[in-house]
Amino acid sequence: MERKRPKKPRGVAIYLEGRCTACGARCQAACPTDGIDMTDNGEPIIYAAKCIGCKKCVKACPAGAIEMYFTPDEQAILAEYSREEKSDELDATPSVSPDWSGVWVYIEHREGIAHSVSWELLGEGRKLADALGVELCALILGDAIDVLAFEAGGYGAEKVYLVSDPALKYYRTSAYVHAGVHLIRKYKPEIVLIGATGQGRDLAGAMATDLHTGLTADCTGLAISPSDRLLEQTRPAFGGNIMAAILTERARPQMSTVRPHVMQRPVFEEWRKPILIWEPFNAPENMIAERILEILPIQSDQTVDLASANVIVSGGRGMMAGEHFGMLHELAQLLGGVVGCSRSAVDAGWGTHDRQVGQTGKTVSPKLYIACGISGAIQHLVGMQNSDHIIAINKDPNAPIFSVAQLGLVGDVFEIIPALIERLRQEGPYEDRPLAAVGAE
Amino acid sequence: MTPGRLLFTLFLIIAVVFFLRRASKLFAALCLGRWENRFDQLKRRFRDMLVYGFAQKRVIQNPFGVVHLALFWGFILLLLANTEFLLQGMFPLFSFAFLGERAYGVIRWLTDVSSALVIVAVAAAVIRRVFFRPTYIKANADAFIILGLIACLMIAYFANHAGEIYLHESHANPWTPISAEIARLYAGFPADFVRFWTDAFWWIHAAALLAFLVYLPYSKHLHVLTAIPNCFFRSFTPVQGVERMVFEEGREFGVSTINQFTWKGLLDFLSCTECGRCQANCPASQTGKLLNPREVIHTGKENLFASMTLLGKRLNLDSLGAMPDASNICEPLVGEPPLGVSEEEIWACTTCGACMSNCPVFIEHIPKLIGMRRHLVMEQARFPEELYLLFENSEQRHNPWGVAPSDRAKWTNGLDVRVLQEGEHAEYIYFVGCAGAMDSRARAITASMTYILNAAGLDWAILGNEERCCGDALRRLGNEYVFERMAIANMGIFERYGVEKIITHCPHCFHTLKNDYAQYGAEFEVIHHTQLIANLVEEKRLPVAQRLNGRTAIHDSCYLGRYNQIYAEPRRILTEISGGAPVEMERRGERSFCCGAGGGRMWMEELEGKRIHSERTQEALRCNPSTIAVSCPYCMTMFEDGLKDEGAQDGVKVRDVAEIVAEALEGNKTEAVEVEPATASVGAYNQSGKAQATA
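Chain order of the listed sequences is A and Z. Under our numbering, the first sequence is numbered contiguously, ending at residue 1826. Under our numbering, the second sequence is numbered contiguously, ending at residue 1333.
Please keep in mind that the hints were generated in silico from the structure rather than gathered at the bench. Hints may be right or wrong, so weigh each one.
[Unchecked claim] Below, a list of computed lysine-lysine pairs in the DSSO-like style, where the Cα atoms sit at most 30 Å apart: (1) Lys1780(A) to Lys1282(Z); (2) Lys1282(Z) to Lys1747(A); (3) Lys1435(A) to Lys1139(Z); (4) Lys1282(Z) to Lys1444(A); (5) Lys1747(A) to Lys1139(Z); (6) Lys1282(Z) to Lys1440(A); (7) Lys1780(A) to Lys1752(A).
[Stated by the list, open to error] Quick list of simulated restraints, FRET-style, between CB atoms: (8) Asp1739(A) to Ala1286(Z): 24 to 34 Å; (9) Thr1619(A) to Asp1097(Z): 38 to 48 Å; (10) Asn1426(A) to Gly1095(Z): 48 to 58 Å; (11) Ala1692(A) to Tyr1158(Z): 34 to 44 Å; (12) Gly1095(Z) to Asp1739(A): 49 to 59 Å.
Just so you know, even glycine gets a beta-carbon here, dropped at the ideal spot from N, CA and C.
Kindly generate the complete structure, drawing on both the sequences and the hints.
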């Protein structure tokens, strides 16, 4: 291992005589070191001394007329490398014990009232458990939580693991981690799903660290790969530019967090009764670092909950006057959503700050965002561009809002919105209609 | 020794002891502050002390400052006379007569005339304070006590001296013409009576003088002692910024008690004259915010005095220097009045520098506020919630909006721009900045710059996706740690490409790269686009084809003007393009009024008082312009918002100087059309109307 390894050779580009189609000096343009000259016939002359082995010319050549050349010594080193890589691959095959089985969902609650993300995850967990042919279980930590267990059953959990202890009455990281890790080690679920809430993010990270396993935060999709029974955890990466599928191959359990409102909440079926498994809580109080001194209610004059709304109808300066927001409220009501606004609408006194979407207001990602008379300054775009569907209505065809909208309507908001309201009224209440249909209008 | 002389000597000693005790205490308090070298460039310091301290250059920028100048010089001249007076009090035979008849005569003449001058000045000051008090001057007893003492001194001098002349104890004419004139008033009174009142006024004069000496170091007139040193130790940068921090365990980050300032910072507190000029020019104070720079300094002074009391006996000349545990003893500075500066005040500052540029004694307000912001952000994690996104985005995505770093160079689509590749070099690096790369309106400035740079045939390139935010907002907001990471990363990129000259169109990038990065070893030249364009236009390297029409009002950006003294260049450009000088607003140059976006205020809500940008937009509209010319993307945003608020966006356009120049260039029409829709606001200056925005 300590042996000084020779550097992996990068080779030198060579021209394969006669293959050049004189495409127009693409190889020359691609070369970062100016290492290629062109003959009068348009064929390349490659200066080997300048070549850094970047292969850009090889990739640029449409005729396959350039390839990388390796000396025999270099070839030997390469062969050595490829052998090592193969053995690395062998190491990489999952060496996970088949003891780990079952899908667990952590039920988050505050004093016995569950967070809705927990039920959404049970719905998603059901699909995963069915795909794997294993059981779906809930994990509940707290004090006097029996009711929750039955609720979890109603949402599809076959088994519920409970740790009920006064010490767990309020969320405290070390106490909850202790109890959760103990249960996971004992019963070995292969998948643990946790809501990406403030509490969930805190707990998931700490548990994954203790369990020496991987954690994929803020997943937008979960699926079972049929070939190797691994959990495919999909989440946006690199600023949302790509969707990454992440696998936890070598450690168990596979842990994911999912934000609220991403998954569908299943139907509650009262007749389902879960099996309850009680575990004692055996950590002495002095092992728990945190103390609850006081529970303070959230200081907030907030009247509108923009962040969790499914549909937001937003108005900007183009609404011309505050009284015109009435039609936005009507439209929002028909769609089962709320009204937001841009900063300039707040500046003009047409909306309140708690409805403001954007950099200095709320960041929202509803399923449907309708921007009415909003030009789309970057301050606004950053607050709403992650919405699933964006419909923009603006009379300025060059408004930047159209660069993020899936559907852009160039026209007068005062014609379009009343027409939309009229149509929606005819079609009946929102609940009867799939969202996609609204988006398609 | 007569009882009178004994009594006077006793009083004098008591007064001097009181004065020295207080002065030594204050000096020990100054030494609580951290060390900072302000002893460099002594020649220049000495010169500035003469210009600003003795000639009071900044004081007389305000016309009424002449009264202060008169008082000041009256006092300087009276110093000699009062020295003689004090010595005579103890040794009646003493006099400066030994200097010779003529020299002594001149001294007496100056004493006489300047005493009269001071009385006139005091009268003017009292009349102003009583009848014409500007709002930025606080009505408090302090000023009247001092003015009263001064008046008392002068009247007593004349009454006493006139009596002496009347009693032929002092030869009068021609050296003391005014006293001689007053002496006539005694005519007709019995000699005993005059004798009594002459002596009485001598004692009144003595009492007033000694009272002045004792009262001085407790009042705002402490500045008599500290203002001149404060001018001497001034910062030579036009608007002093904050120092680089050292991130080590056990350090204090930011300022929460007065001992965490430097000694110069504490001298500032003691130098404040409460003249209110900072307040009169402060955009926050002028639009009804809680922040008042004068109150910040006053609070610092009160806090310093209170902390001195708490430190008590430990604070003495034997133990000069910093006390490590002083932070625990001193009154907290960040908190509620009267001894604390509230968070609301701390966050209201736009760091525009108007307070510092207009302070006659060079007090440095902004580093103090940023120091307190540093404490709040880095030690308390307390800041307005809107900043959470800014900080997170800056940390993770290296730009304030959280746009993917891989999208930074997207604006180049369809434009002729070279992105610098590994191993390449360009004479000029165009540092586009976050707004220039991402904000669709500011992208139009970038596109114009692209056109100008190409038209001038410069060897230039951009850093593409490698560029990061310069960190301006982070530094002004006190998030120094993230700023430092940003600065180090950018410096690494500049070094890797061997960058020598950087062009920016954003005054914030400009100032940060030029002045803040100097603390990180930056040696490259930073050029603001107005400087570059002004040179290109003068050298006739830009073919100007058409003239700008209409009235153009010009707005001075704080970070270009006050921070870097660039006033002439944008005006030269506009004069050249439009064939006439731009229209000036009421407040311009050193007194230019901030747009409201500086100091990280761009990223915060402005909920109190009138909006700063409205105030400035209304001022601009009073010039009745068709175009408001700016040289800063922040000012651009604020003016456009302001125009919308005023409903004037159809008649008045806000344009960056670069846009105005690009429009005036030959052959520009084709360029603008090619721009992709996302940056289509470039089309606004496309004369063909093809991409014209429907208004």
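Practice task
Return the numbers of the hints above that this structure violates; sort them in rising order.
Solution key: Of the numbered hints, 4, 5, 6, 10 do not hold.
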